[in-house]
Every structure is written in structure tokens, then in C-alpha cells.
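As given, the protein sequences belong to chains S and X, one line each in that order.
Using the numbering used here, the first residue of the first sequence is number 1, and each one after it goes up by one.
Using the numbering used here, the first residue of the second sequence is number 1, and each one after it goes up by one.
None of these hints come from the bench; they were simulated from the model.
A few of these clues could be false.
As the list claims (entries may be wrong) - Simulated pairs of lysine-lysine, BS3-like, Cα-Cα distance not exceeding 25 Å: (1) X:K105 x S:K311; (2) X:K95 x S:K270; (3) X:K179 x X:K189.
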Amino acid sequence: MAMKNVKNVYPVRGQRALTEVQRKQTSNGANYWQVDHEVRNVFEVKGITVLPSPRAWEKFGWTRKWFEKKPKEGYFIWVKKEVDFPLATCITIATPKISQNLNNLLVIEKGIKAKAIVTCNAAENKLCGKHRAKGKLILKDNVSLEYNHFHKWGEKDFVSPDYEFILGKNSQLLYTYQNLFPPENLQLKTTIYSNENSSSKLNFIINGLNSNIKIQDIIFLKGKSSQGIARLRLAGRENSQIEAISKIFAQAPSKGHLDCRGLLLDRTAKISLIPEIVCQNKNAQITHEASIGKISEEELIYLRMRGLSEKEAIDLIVSGFLNV
Amino acid sequence: MGKPLLRIEKLKVKGNGREILKSVNLQIKRGEVQALLGPNASGKSTLSQVILGNPKYKITQGRIFFEGKEITKLFPEKRARLGIAMAWQSPPAIKGVKLSQLLKKISVDRLQPSHHPPAFGRHLGPSSVKLTEARPLLEREINVDFSGGEKKMSELVQVISLNPKLVIFDEIDSGLDIKRLTNTAKIIKKELVDKKVSILLITHSGAILNFLRPNITNVMVDGKIICREKDYKKVLKIIKKYGYEKCKKCLPR
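This is chain S alone, in the form it adopts within the complex (with noise of 0.2 Å):
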């Protein structure tokens, strides 16, 4: 992408300079970037709006009814135009005691088919601050999305992400959500309408260290010939406490089906698995598969025995598990 499609709408006082990766990043397609409070960068691509919310409320009247109330921060991107590259966003948090408390949304028009790389982290390990996020995704008809979640937080954080996605007639979704660095707290919360013939594919995983966590993904298959399928791998390690509950809700003859595995490793750590399935229509086929089980004495022998050790021999069969 050439630098003079890209223009900074909101350049920021005390702007630290950019690094080369981030310059590369950012100059590479519509970013947003906030720490804390601050709004680091927006970049706008043509075709792609990029605004933080409040602007985008003010702007645009018709965000107001996927936004309910005035956001205070967090970020809005409408895309009107497909592009090559992926959308990237990063909020931070990088001040002790901090509290975010952001709204977001992305729209994206008919036919577009688009990738979004999103993260949201901690610049250091013991800030004890909150991120919540409220998030609205509007897929509209045709629209294909790849949607890739990355969180990393320090031990003390407390998050809770509740992220809200409509899909469009024949849209398709596939979204990630990968968190292996996970805060004290985490209470993730992600909803799917699915509307006539579109299909969504998510994927949670995560890597559970001294944390309480707890997942709540629900999807509705509203729309005839709707899909979705919902997979959940969630390693227990040291204290940690896991609590899944994964539903699908069939309102039209369509197909769901949920896949949650557990990977206890730990004494200290707990996973609860609480899959539900609910069918409202005779010609919807919904199924659901849930287990917990330990890491296999033979396969941790095995890696030893090609002189891999014990702790090293855990961590690769632990990201085989959560496919990383």
C-alpha cells in the first residue's frame, strides 16, 4: 500500500516515534492504536473509514443504534472497499490501576471480503489494570470475514471482552480467539446471530496460568441454512480456574455443532466444561462433543526419550493441543 493512500486523521501530542515494525504495520493498512486513554494512531485507507467512537457517534448518526449509548473510547472501522492486507488493531494498557472501558464496531458493506488481526495487551506484567470492551461486528450480506483475536495481559489484569457479531445473508465467519498470557480475570462473552445461509467458525484457545476464567459463547442460528460450529481447547495449568459454557441456539433448520476439550496439567487447576445445545426446529441438526482429559505418560516419555525435558516435553504437546 502507498504511503499517499494513507493519511494520519488523528495525529496525537506526545506521539512517541514509531518503530520500524510499527511503521510498517501501520503503514501497511487501517490501524487504530490506543494505550490507555490515549489515541496513538489512526490511519485511514481509501474506502476504509477509521475513527475513534465518540467521533464516529457524532459523525455518523446511524452508529448510534449499534453503539446504544456514547461511547467513551474505543474504535470504529466501516468498511466500504475490499484491500489486500489485513485490518489491524492494538489497545494497550501501560499505566497502573488503569480502567478502559471501550466500545467498539466494525461494519463491513456487502461482498467485502476482508481479515482483521486484533490485539489487545498489557505492556507489563503487574499493572492490576481493567480493559472492558464491548464490541459490535455487522457482517453484512456476502460479507467473508477473518477474524483474528489476539489478547496478552499481565498476571494482575482484570478483562472482559463481550463482542457481539450479526451475520448478513451468506456471510461467513471464521474468528480466533487466542489468549496464552492470560490476566487474573477473564470473563470473554461472544454472541453470534447467524442469518439465512451464512456460517460462522470460532476458535477459542486458551492457556489457563494462575487465572480465573470464564468463556460464554452463544450461537444463535436464527437464518435458514445457517451454520456454526464452535471449538474450544482450554489448557489448566497452575491455579487455574476454567469455566466454559458453550451453546447454540437453532431458531431455523440449520446446522451447529460444538467441539470443547480440556487439558488439565495441573493439581491446582479446574475445568468446567458446560456445553448446551437447544433446538427450536424439527429440521436443525445440532450435535455437541465435550471432554477433559490429562497429558499421556507415553507421549511425555516419548518426547524425553528424543531428549527433549520434562517441562519442554509438556509445552509442546500442550501447544499441539491448542494448535499454535
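Since chain S is already given, all that's left is putting chain X on it; use the hints.
Only chain X this time, still in chain S's reference frame:
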């Protein structure tokens, strides 16, 4: 040849509360190829697992030495790093981990950081025989839905990449058709035997012995090595004709 690379003295081993090995003595010299024959459940696989340090088995008596140092109580990974490798008879599947990932982790560079340039490339160059065979496996998950032959190839590539001093092959030949068997034997010869790596070959069949011509053939029956013989053909002939029991005659030598 010279001093023994591996020395096992009066080894008694229990597994699942049952005595499996009953005073086993074994010596393997540098560069030597030895075969270990025996009926099912005679303790051959247990012996190989114990040499590698599988904690599932309890050593109740005896000691194991490698290059003169006692390794009886070492962790499996320490033994692997000293240069002992084993190709498993039925290796477990490691879901989600590609063979190439594991090879990168276990390649000799990591074990011996002083080695350079990268030995991984050297041992697994695209031109080498084994990689041609193993290439389709590299991007697959380890042993997940591998056929019998693919598992053997994967094991072979792994042990070679460890750059070992001693390799124990636990029935590397079982279930292989004659073409694959020949090829496997060729790779073992070229990559290990010709490079003076010692081999302990656990097998049921004579075919692989014809290719690799062991210096010594051991016969194990009921947890004991009852025969050590230089002429593998003679052993095979007796086993074929009279069964393993007859080998006991070799015992009082």
C-alpha cells in the same frame, strides 16, 4: 571396536508388579551391530525402554553404563543427550505437533550447542535418502494417521537427527514390505552403521539381519539372554527349525 559403549550388568526389572527382566547382561561396543531376537513378551521391548530410562519400569537390581559412566538413574532426556536413541515399535501420536517442529527441537544442534555450522541441515539435507522418504511426513502431525511404514520412517528420521552413538531399533522391520524393508536397511547402513554408530536391532525376522549383518546375535527368552552368537544365520536356522527354546542349548558356553 575396543571398550564397550553400553554395558548392562545383572539387570532385574519389574513392571506392573511382575518381574520382566531376570538378570540381563549385555555389552555393545562402539560401531557394533547386535541383534536381539526372542519370542513375544520375552522382555526385548522392556529392555530397550529400560536402557532409555522409562520410569514405568523399576530396576530392582543391576546397573547400566554408557561410555563407562553409570546411567542407571538418569532421566531419559539425559540419556538421549548422551547419545542413546531409540526407534519405537509403536510410537504414540502427538496431536497438533508437526514432525518438522519436533525435528527442529531435537536436532543435534540443540543437544550439542558447540556444533556448527547447523548440523540439522547437514543431517536432513534434501538430497539425503531418508528425507526423500520422510518429506511427505514433515508437515503432518507426528504419528497421527501414519501408516505402519510411515511410522517407521518417522522414527528413523528422528533417531538419525539426534546424531546418536547408539540406536536401539525396536522392530523397525515389522510390517514393512520387502521394498521398504530394503530401503530402511539401506538408510540404517548408510546413515548409522557406516558412521560407526552402534546398533541394537530387536527383530523377529531374518530379512533385516541379512542386510545389516550383526556382529553378535542375542536371544532372549523369558527375561533372560540365553544365547550370544556371532553367526546370525546359525541362530536363525535353529529358531526356524526348533523354536526359541532350543537356543537354550547355547547357554552353557
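Evaluation of the provided hints:
{"no.": "1", "hint": "X:K105 x S:K311", "in the structure": "13 Å, holds"}
{"no.": "2", "hint": "X:K95 x S:K270", "in the structure": "22 Å, holds"}
{"no.": "3", "hint": "X:K179 x X:K189", "in the structure": "15 Å, holds"}
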